[in-house]
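Residue numbers (the working numbering), protein chains in the order written: chain V, 1 to 250; chain X, 1 to 269.
A hint or two may mislead.
[What the hints assert, rightly or not] Taking lysine-lysine and the DSSO-like style, the derived pairs with C-alpha atoms no more than 27 Å apart in a straight line are:
1) V/K247 x V/K160
2) V/K243 x V/K160
3) V/K81 x V/K243
4) V/K160 x V/K81
5) X/K123 x X/K135
6) X/K135 x X/K110
7) X/K223 x V/K16
8) V/K247 x X/K110
9) V/K16 x X/K191
10) X/K223 x V/K81
11) X/K110 x V/K81
12) V/K81 x V/K16
13) X/K123 x X/K110
14) V/K16 x V/K160
15) V/K160 x X/K110
16) V/K81 x V/K247
In case anyone wonders, no lab produced these hints; they're calculated from the structure.
In this text, all values refer to a predicted model and were calculated from it rather than measured experimentally.
Each chain is listed here by its residues.
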Amino acid sequence: MSFYTLFRKELLRFLKVSIQTVAAPVLTSLLYLVIFGQVLEGRLQVFEGVRYTSFLVPGLVMMSVLQNAFANSSSSLIQSKITGNIVFILLAPISYAEFFWAYVAAAMARGLVVGAGVLAFTAGFVELRLAAPLWALVFALLGAGLLGALGVLAGVVSEKIDQLAAFQNFAILPLTMLSGVFYSIHSLPAFWREISHANPFFYMIDGFRYGFFGASDVAPATSLAVVAAALAAVATACLLLLKSGYKLRT
Amino acid sequence: MRALSDVSLAIARGEFFGLLGPNGAGKTTLINVIAGLARADAGSVRVMGAHTVDDYRRARRMLGVVPQELVFDPFFTVRETLRIQAGYFGIRAEDAWIDEVMEHLDLTAKADANMRALSGGMKRRVLIAQALVHKPPVIVLDEPTAGVDVELRQGLWQFVRRLNAAGHTIVLTTHYLEEAEVHCTRIAMLKAGRIVALDSTRNLLARFAGSRASARVMGRDGKQHVLEIEGYGELERELARLRAQGVEIADIELDRPDLEEVFLRLTGS
């Protein structure tokens with residue numbers, strides 16, 4: 001019941017401002033599609049028989065899932081810490097694990113809602129097929145979970161909006177942009193291709209895209225292993241921090 | 001720096017207990033340790049027998065804490081805020097009790113108002129309501145009347161006294177010493193993280209507050225003089241001496257001992 005209430009509270013929080021938390025990111029992704037699709041359509045072909053705009057859409061969907069999952073848990077936590085209303089959760093008989101999973105689950109919900117919105121609005125403009133929908137679903141869930149957990153980590157560690165913005169702008173944004181949303185890493189020089197393999201965001205995008213085209217830069221099982229390991233590592237770090245009360249309980 | 005040191009006390013069930021001390025004495029730290037918001041380096045706290053760390057779920061269910069700061073979640077209405085708080089404590093569909101708490105705290109008309117739209121006094125009432133939604137047997141009030149107008153203050157005390165009469169244990173910190181004097185049956189005074197006094201309010205007043213009298217007398221020179229007498233025990237002796245000397249006593253004033261004096265003596269504030 002405590003877990004469910006905290007999860008529901010976090011859901012209500014973003015749904016009450018859905019113009020900002022859902023509609024705006026959907027619009028941003030549509031703009032990416034219009035601009036990049038217009039400029040690069042016909043000049044790039046990544047997979048055999050797949051138009052560039054079709055290639056781009058799953059990347060944009062997954063990028064929205066990841067960025068919004070991160071934004072939900074991190075912004076909610078930092079706001080609660082700054083305004084002090086986190087005290088209501090800390091006073092309640094909620095375990096650190098319930099705390100963590102409630103924030104992550106709500107972050108996943110927002111990521112998936114925005115991702116579904118992007119998919120719904122773009123599906124009408126491009127030719128899409130779902131070659132392996134289960135793979136797509138698994139990567140969407142794991143990716144949203146990983147970024148939701150990273151959002152919890154950033155929200156707990158940050159004390160000011162500035163610090164959180166630095167985390168978002170200097171870590172999450174570059175890792176997302178350089179993960180192959182707009183291109184295949186096979187089109188990169190060897191050096192940058194190798195660097196891309198060290199970016200866990202690349203595996204989320206690539207694995208998700210496999211669900212649509214049945215083709216990817218690396219095998220989906222490899223991507224799944226990398227993403228699952230990253231999620232386990234981040235979740236463990238978060239749970240240890242929350243258990244210790246770091247920056248939450250003095 | 002140690003915020004608390006050698007603090008050991010037991011509060012009985014049903015007590016109205018006051019925790020007093022100057023700023024920085026450790027009152028809020030002690031409350032935070034009791035509530036699990038702060039962790040003590042050593043020692044332990046039990047709430048109704050439940051260890052606040054090992055058995056934190058039961059301990060927190062026993063406690064309703066009204067924080068000192070006016071904190072609120074700007075996304076929700078008053079009713080939503082109270083429902084969410086009840087849910088955190090595992091309580092579902094307790095609208096009847098939520099309505100009752102709102103009624104007692106004069107919040108019913110604001111039930112559907114967003115928290116942002118409330119005045120400071122109203123936000124304070126919601127904080128109190130939040131501490132009560134899970135019907136805790138122990139209620140901790142950290143400076144509950146700070147910045148609250150007279151009308152709300154009176155209503156609040158009436159409500160808290162009713163809760164105390166119904167068996168709730170009340171733990172209060174306040175800067176308004178007259179409030180502690182009126183309501184608390186027992187008081188602990190903290191200074192620099194240590195308890196410097198722990199006794200019933202009556203005993204503290206009797207032991208530490210000066211019982212002073214001042215007598216206005218007509219002197220032989222025809223002028224009025226004021227005679228300060230320390231301790232009521234001395235009063236009769238002094239009056240007898242004055243009468244024996246034929247001094248006319250125009251007026252006698254007795255200073256009632258108050259907690260402020262006890263506080264100043266014990267804390268050196």
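Between X/K110 and V/K81, does the CA-CA distance stay at or below 27 Å?
26 Å, holds
Restraint status (C-alpha distance of V/K81 to V/K243 at most 27 Å)
17 Å, holds
V/K160 and V/K81 were given as a pair; does the straight-line alpha-carbon distance stay at or below 27 Å?
The given pair, whose Cα atoms are some 9 Å apart, holds under the 27 Å limit.
Has the given pair, V/K81 with V/K16, been kept, meaning a C-alpha gap of at most 27 Å?
20 Å, holds
Pair hint outcome, X/K123 versus X/K135 [Cα-Cα no greater than 27 Å]
Holds, because 20 Å separates the two Cα atoms, which is no more than 27 Å.
V/K247 and X/K110 were given as a pair; does the straight-line alpha-carbon distance stay at or below 27 Å?
Between V/K247 and X/K110 the Cα gap is close to 34 Å, so the pair fails against 27 Å, i.e. violated.
Going straight from one Cα to the other, do V/K160 and X/K110 come out at no more than 27 Å?
32 Å, violated
27 Å limit on alpha-carbon distance, applied to hinted pair V/K16 and V/K160
24 Å, holds
Need the status of pair X/K223, V/K16: alpha-carbon distance at most 27 Å?
Between X/K223 and V/K16 the Cα gap is close to 78 Å, so the pair fails against 27 Å, i.e. violated.
Regarding the pair X/K135 and X/K110, is the alpha-carbon distance no greater than 27 Å?
Judged against 27 Å, a Cα distance of about 21 Å means the pair holds.
Please verify whether V/K243 and V/K160 have alpha carbons no more than 27 Å apart.
Between V/K243 and V/K160 the Cα gap is close to 22 Å, so the pair holds against 27 Å.
Pairwise hint evaluation, V/K160 against V/K247, where the allowed Cα distance is 27 Å at most
This hinted pair holds, its Cα atoms lying about 12 Å apart.
Comparing the model with each earlier hint shows violations of hints 7, 8, 9, 10 and 15; every other hint is respected.
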